[in-house]
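Engineer: Sequence:
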Amino acid sequence: MNLPTFEAKIKEDGGKAKIFDILRRKYVALTPEEWVRQHFVHYLVEHLGYPQSLLANEVNIRVGSTSKRCDTVLYGRDLKPLLVAEYKSPQVKITQDVFDQITRYNMRLHVSYLVVSNGLEHYCCRVDYPARTYHFLESIPAYAELASGDGHVDQVVE
783 MNLPTFEAKI
793 KEDGGKAKIF
803 DILRRKYVAL
813 TPEEWVRQHF
823 VHYLVEHLGY
833 PQSLLANEVN
843 IRVGSTSKRC
853 DTVLYGRDLK
863 PLLVAEYKSP
873 QVKITQDVFD
883 QITRYNMRLH
893 VSYLVVSNGL
903 EHYCCRVDYP
913 ARTYHFLESI
923 PAYAELASGD
933 GHVDQVVE
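Residues in the sequence shown are numbered consecutively from 783, following the numbering used here.
Hints are supplied without guarantee of correctness; some may be wrong.
[To be verified] Here are the computed distance ranges between Cβ atoms for each label pair:
no.	residue 1	residue 2	range
1	ALA811	GLY846	36 to 46 Å
2	ALA926	LYS798	37 to 47 Å
3	GLY831	ASP860	27 to 37 Å
4	HIS917	ILE792	30 to 40 Å
5	LYS791	GLY831	13 to 23 Å
6	THR877	GLY796	27 to 37 Å
7	GLU920	GLU794	34 to 44 Å
8	ARG851	GLY831	18 to 28 Å
9	ALA838	LYS875	20 to 30 Å
[Unchecked claim] Calculated pairs, BS3-like style, for lysine-lysine (alpha carbon to alpha carbon, straight line, at most 27 Å):
no.	residue 1	residue 2
10	LYS875	LYS800
11	LYS875	LYS850
12	LYS798	LYS850
13	LYS808	LYS862
Worth flagging that the hints you see were computed from the coordinates, not collected in a lab.
Glycine included, each C-beta is placed from N, C-alpha and C at the ideal position.
Between the sequences and the hints, there should be enough to build the whole structure, so can you do that?
Structural biologist: What follows is the structure, given as structure tokens:
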């Protein structure tokens, strides 16, 4: 992993490993993707100052006629989505298909920041709606950077 370690709460249940999710407040199946999610969420909260109360895992959204789940969503203090993160297991390469997936989610959410990680590689981009483009950032911004003005854009192009 290319993320700081944290004290994971892991237990066995029916012969299957489970990890405690601090956002959902329950033990969930410990899959490779979940391992990345838990590391990343702890990184956001413990190292970048993201308020745990404004983060949610496995957020259901409608994309067209289908129901999808966003891995993690950060909400602004106004409770509007501000950032969406998509995780893959470490053996999954971050490809254009992964960015296409998170972009489809963003058609519904209209967030300012998109994050993709497989635990080894992390990408963050800021969406520029007026210019209809996005800009890759060198690192994941601290919450204080996002919260200055809540990071929302003035205009959403649909």
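Engineer: Sort out which numbered hints this structure fails and list those numbers smallest first.
Structural biologist: Going through the list in order, the structure violates hints 1, 3 and respects the others.
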